[in-house]
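Based on the provided sequences and hints, a complete structural model is requested.
There are 4 protein chains.
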Amino acid sequence: MRVGLLGAGRIGNVHAQAISAHHDSALVAVSDAFDDNAQALAATYGCAVRSSDEIIADSNIDAVLIATSTDTHSDLIEAAAAAGKAVLCEKPVDLSLARATACLENVGDRAAKIMIGFNRRFDPSFNALKSAIIAGEIGKTELLSLTSFDPAPPPVSYIKVSGGLFRDMMIHDFDMANFIMGATPVTVSAAGTSIVDPAIGEAGDVDTAVVTLTYADGRIAVIKNSRRAVYGYDQRIEVLGSEGLLQAQNMLENTVVKSTASGVSSAKPTYFFLERYMPAYKAEWAAFVAAVKGDTDMPVNLIDGVAALAMAEAATRSAQTGRPVDMAEITGNSGRGEAA
Amino acid sequence: MRVGLLGAGRIGNVHAQAISAHHDSALVAVSDAFDDNAQALAATYGCAVRSSDEIIADSNIDAVLIATSTDTHSDLIEAAAAAGKAVLCEKPVDLSLARATACLENVGDRAAKIMIGFNRRFDPSFNALKSAIIAGEIGKTELLSLTSFDPAPPPVSYIKVSGGLFRDMMIHDFDMANFIMGATPVTVSAAGTSIVDPAIGEAGDVDTAVVTLTYADGRIAVIKNSRRAVYGYDQRIEVLGSEGLLQAQNMLENTVVKSTASGVSSAKPTYFFLERYMPAYKAEWAAFVAAVKGDTDMPVNLIDGVAALAMAEAATRSAQTGRPVDMAEITGNSGRGEAA
Amino acid sequence: MRVGLLGAGRIGNVHAQAISAHHDSALVAVSDAFDDNAQALAATYGCAVRSSDEIIADSNIDAVLIATSTDTHSDLIEAAAAAGKAVLCEKPVDLSLARATACLENVGDRAAKIMIGFNRRFDPSFNALKSAIIAGEIGKTELLSLTSFDPAPPPVSYIKVSGGLFRDMMIHDFDMANFIMGATPVTVSAAGTSIVDPAIGEAGDVDTAVVTLTYADGRIAVIKNSRRAVYGYDQRIEVLGSEGLLQAQNMLENTVVKSTASGVSSAKPTYFFLERYMPAYKAEWAAFVAAVKGDTDMPVNLIDGVAALAMAEAATRSAQTGRPVDMAEITGNSGRGEAA
Amino acid sequence: MRVGLLGAGRIGNVHAQAISAHHDSALVAVSDAFDDNAQALAATYGCAVRSSDEIIADSNIDAVLIATSTDTHSDLIEAAAAAGKAVLCEKPVDLSLARATACLENVGDRAAKIMIGFNRRFDPSFNALKSAIIAGEIGKTELLSLTSFDPAPPPVSYIKVSGGLFRDMMIHDFDMANFIMGATPVTVSAAGTSIVDPAIGEAGDVDTAVVTLTYADGRIAVIKNSRRAVYGYDQRIEVLGSEGLLQAQNMLENTVVKSTASGVSSAKPTYFFLERYMPAYKAEWAAFVAAVKGDTDMPVNLIDGVAALAMAEAATRSAQTGRPVDMAEITGNSGRGEAA
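Top line first, the protein sequences correspond to chains Z, W, F and P. Here the first sequence is numbered in full-length UniProt numbering, starting from 1 and rising by one per residue. Here the second sequence is numbered in full-length UniProt numbering, starting from 1 and rising by one per residue. Here the third sequence is numbered in full-length UniProt numbering, starting from 1 and rising by one per residue. Here the fourth sequence is numbered in full-length UniProt numbering, starting from 1 and rising by one per residue.
Rather than coming from a laboratory, the hints here were simulated on the basis of the structure. Any given hint could be a false lead.
As the list claims (entries may be wrong) - Simulated crosslink set (DSS-like; lysine-lysine; CA at most 25 Å straight-line):
#1 P:282 / P:293
#2 Z:282 / Z:140
#3 W:282 / F:282
#4 Z:282 / P:293
Here you go:
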């Protein structure tokens, strides 16, 4: 599979590494708004620098990976889909739910063939947890808890253009809830605060939030986000079921334990997403390649991407109004139950 | 200290053991609505069987421990306080917030001298966690999570007279939130479901619930309750602060770990409250005795008991109406900020 | 059961507490070489102060607990046994294997009725590990490891009269090996060093030692001892079997885990034997009472006590000569295979 | 760096992957006694198939990696060194200590430039443990314990030509002891048994062994090996020092913990050396490349390889004779204290 990479930033480089390492794919071209970025990546991986338009128009390129700025995602998805390319697009689909929904309509029945980069679904531990649920190891799921804390908040300048915590950060957890629960919620209730940094509040966003999701069948999920956990990247899942509890705990940097007069200590969690989720990025790319080769539906697709974005929209509204939001208010139906 | 015990049921027996084992207290009399209960307890601990009225009226008795059915608590607190007794009363103060509030008014400035039996405050691990917060080990607290799952639901007949999950079970967590946060919340938002047993729903109660608390200073707390965790009694606390995270994890029955071809396994959590919290019950009694002897305020008092009950009232209302409830709606002010 | 306690030192006080707390035993008299010790203990527990001879001669006393200095154990065991008392004697039986062996011969067929205070057999976790072995959970045992580190070395003055690390400290591990393996070894090979404190070496003892035991059926055990683990009392067992591994890990002071920028830390092991083994001391006493009441053999008896002492003798000789020692050299047969 | 690989078996393939993935090295040729093996590897990595002689003679090849059968190692090391190649040779140097010692003499002052593939030194957790020791985090080291259990024994046909457990399996632990202790021992005392499989005993080998090492400065190390741990590959290190304890624990396959009515369970250790030590193999190759480029001594060299082999020789003799062996008996001096 010949692959064109759109976007040569930090996450673009992560994907370039996965594309190059996979025995069934080759990175042939890269584009970036900043020529220096594109040139540097091209030099490392031995591919051409071209424009996004050229890459999409090239009939010798089979697939594009979209890792550009979020505001370009929908346009590029539509163009690449129109050109018959296989598409893997970074999350989120868009900051605007309306634009993402339009994108979904525009691509029509190709939506299931367009993969959205919710890398966490491919984390080995999260995957093992999901497999245990499917295998019935804890019976019927009842109560899900997701904990996602970043090590440190981004600059306020980034916060201002990020779309806010719910669209930028918790979007991963909304997708994870859909993945684990196998359904989308009917109500979303959010509480948010800017307790980490008041400047984030002044920029109109929150840095700490708790969101409760309720489901048509009576299940409940709760998501906790913080922009700052000084001990590192905290990424945990916990599911209570009728026959037990499953927890996916943090990965630690190493397995050394030290006992001294001042206590017993161990390594910290792997620092941030590049360290923690590198195996997931590789597995994500492998899943994409497998789906393209087998001509099967993507394991996480554009419909899922829009579903998570709708939940982010609902959470944003709930945090602003201080009341629970029915997903039907957002989507015009009761939560696109077909997703996940 | 000569002690009279009102109530010889299961929890009465727990307290009888703690009273007898303490070198500064002696159990001299017990009462119970069922004479057999009282006789059995009296035989074990070598004390007299008397009526509650007689015990309260006896000037040779210094303190009473109220472990009767909840509907009698307020009356007995008032009577014992009027008789000048030191009082330790089991939680909750009352199922009726109005009655509990009246009791608080009736006892006047003795409220701080009347201890309410929130035993979990005296658990060694929860106490160590609180001490670490006070010592500033995680900086400023920001986000609290409490997990309390019982091993199995009580009979529906009990559910019907329990006052509901929020007053009967989560009351402990409301007090724990007040204890850890050192403040009472300004809003309470609850989601509840009867997913464990539909019969609980038919009885008008929930068996699984998530409650989010917000505080005047921007902090957030979330409480998760389930009536059923088949692996045992799950009692955990987690607090994120500006400089770290504190977790109080479950105690296990023993420290044995077994690794076989089918995996690595360890012991389950200590089964239920009698096993898990026995050290806490003993420490609770010791704290009561120390406060009485030193004539100091109780470590957890009637004001705290009413504060937790008000939160239970708010949560019940929120779960029923599907909207967040301001504590001011319930208490007529912004949450009795003086408590905890 | 009316009990006389011989010895009112630190371990005597531990036993006094267990005797008093048990519903089927009463502490009626105490003796001690230092009258102040005896008086203090008698005041706390409300019993008489008498001489050891008087206690042993008193036909109203059913059982004696011997917690005097080690050099008096054999004489007191013989006297108490001759007087028809049930006996629980602290470990070791004697510092002299010859004297202990003579004691064993002198008490004749009462040996199985005389309990030796190897408290660790009654530790809940060690017991659970033993039960798992008996239940066949790891198949046939093959390789045992015992780790026993004290928090800090005793004064050199104590070391000089202690009989040495193998008789004073590792004696517990020799008995534990016999307990877990259900057999005594055929060879003992020891390496010792005084790396913690050269003064201990100058006093003729070691402070750190590794002993390897081999068994007639091909199994192997290894014991590690150190007089100093600055993080506390380290007491662990690990057994590899044909179908798995069992580990009994340390108990921690509490369950709090703290994650900060400088790492993840938890509580230290419970500090020393009083904290760690208090439940074991109570269970030991209960087992003694049960055996006396049921007129059954003791769960750990004088034969076991002499077997452990013989292993200590062998280890001492091995460390001094730098070669493995056959147990037959010590005992005149191949290890008293009947023990444990 | 242009690299020739001698040997295309399982471990050869592991190294081929590391060589190819490294940005500063390229695999240009491979040889193997079985042409099919060489062809398959060459096809995967796009390199030439040649004879070992041709590879060593080719002046365009900078380095050779020796992954052939053990009996060829010494000859190939000498030939490659004579041809001026940088050399990384798999462990052990040889089954014959005499031959390995001759090899060491034959290569002369190039010994420090020839790397021996003790991959475990490059394991991230073992490395972190070593770094903590160097940083003084546990003070002075006193007592080292190494646990290495394989998941399942190899076929008896392999056992017969393996050189025995001490040369084939425990050789890794001897090197690890040298690495952690920073010195070689003065005595080696071994106990071995064929309890896992009597057929291994009939083949003249042991399958379970405990070796005790003593050091000139009074320190002690103990190594435990078993050919069978049904729960997977058990690889742990534990070091007691004057100021604390360091433990490197097993890596688990994932971080999922499951709590059910039958207990709490987690994933097993990563299954075997390919899974567990893949990061170590990559780091090992990176260290080799860095040493070659910087023209510095190798992090683990031929001298270290011979030192470990001498310890294996001593352990074999000790297990056979049932007495401790002085390293001076084996090496003619007190243990090549210059190694490690």
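Here is what the structure says about each hint:
A threshold of 25 Å between alpha carbons decides the hint, and for residue 282 (chain P) with residue 293 (chain P) the separation of about 17 Å falls inside it, so the pair holds. For the suggested pair residue 282 (chain Z) and residue 140 (chain Z), the alpha carbons sit about 31 Å apart, so the restraint of at most 25 Å is broken. Between residue 282 (chain W) and residue 282 (chain F) the CA atoms are separated by roughly 18 Å; this keeps the pair inside 25 Å, and the hint holds. Of the pairs offered as hints, the one joining residue 282 (chain Z) and residue 293 (chain P) is violated, with about 30 Å between alpha carbons and a cut-off of 25 Å exceeded.
In this structure, the earlier hints numbered 2, 4 are contradicted, and the remaining ones agree with it.
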